[in-house]
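Start from the sequences, fold in the hints, and give me the full structure.
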Amino acid sequence: MSKPYNNKAWLFVLPVFVLVAISAIIPLMTVVNYSVQDTFGNNVFYWAGTEWFTEVLHSSRFHDALGRNLLFSAIILTIEIPLGICIALTLPKKGIWVPVCLILMALPLLIPWNVVGTIWQVFGRADIGLLGNTLSKLGVDYNYATNVFDAWATIIVMDVWHWTSLVVLLCYAGLVSIPEAYYQAARIDGASKWKVFRYIQLPKIKRVLLIAVLLRFMDSFMIYTEPFVLTGGGPGNSTTFLSIDLVKTAIGQFDLGPAAAMSIIYFLIVLLLSWVFYTVMENYGAEKQDPRVEQD
Amino acid sequence: MNLSWMAWTTPTATFFLTILGLLSLMCIWEAIKPGGGPRVGILRFETTRGDRLFLSLLGSAFINLAWLGLIGSNLWWALGVSLIYAVLVFSFV
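Those sequence lines, one after another, are chains A and B.
Note that our numbering numbers the first sequence so that position 14 is 14, with each residue one more than the last.
Note that our numbering numbers the second sequence so that position 21 is 1021, with each residue one more than the last.
Just so you know, these hints were derived from the structure itself, not from any lab.
If a hint is listed, it holds; no wrong ones were tucked in.
Covered stretches of chain B (in silico footprint by chain A; criterion: 3 or more residues with CB under 8 Å from a CB of chain A, positions within the stretch not fixed):
hint, stretch
1, 1010–1023
2, 1050–1062
3, 1065–1071
Each residue gets a CB set at the ideal place from its N, CA and C atoms; glycine is no exception.
Dropping the structure here:
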């Protein structure tokens, strides 16, 4: 029997489409227009063709910033996703500790990005900061403003502190939605904790985990405020990520054409990697379901 | 309405009109043959014709960027490669 289609529901999407058009599509079109022109202000533009794209694609500054961004996102995903799952598994499922744990987990998410950067900037200072001062008293030569490794370590720990909670809350929501019958069946079969996780919990939280991976990838790949407040892209250019480089080019140097070309390449990379993550996670372990099973 | 701040040019307007035309064609195709034409192709997972258009456009963008970065600024050849790529995506993916 063929499935009936009702396209009238699309009308309900229209208001959202208008909002997205104003907030995203029109600015994106403007960026594309800027990327093929040069300007010195006052709405006067000169045709430049693909010159800015060629310049950006051959720029070692762009390659370095892209490399740093990819490395940063890889480290962040490697730490935050397993850590978030582990914490979510240890959280209580019922009782009075549930709201306490959830509120504690949600606290870092409520702090604005620039405030997070400032907190860690003070926290890491050797003269007045708790972390910096403690480390220097322990004899550790720690200075995020002059040492590349310290700067990277501080930014990574700061991001893990700020955003692991998001992964925890998403995974926790997935875990509490698993019916008790699955665990009962596992107990009857004598399944170990690992097998329960591998064959019940992990497949059941796959959807929310996909959202967590995508959100954390896109957020970490577009990170700007926290490293900008903490290190300003230094020492040298060691923590200059693509977004920081982009703002320096567009606002610092007022090179709107190259900045627009860089934005488009940046956007395409985010789009491609998000699609790859989404496709791999959506189709990983996907089983072809027998329609007769659905009916039972 | 003054849209000079958007810095429109004929080539960029043509580019966006082409995208709009492709989306309109997809809507007409969907109205004639509803359901999106899902199938499992060489990527071994199910794609609809919307997915195939997305893959064609995204792949074409990277083909053009690769051409600019590795070969030169004459993008007509890259456009030709992109069209062949799009035909392959719609045929086999």
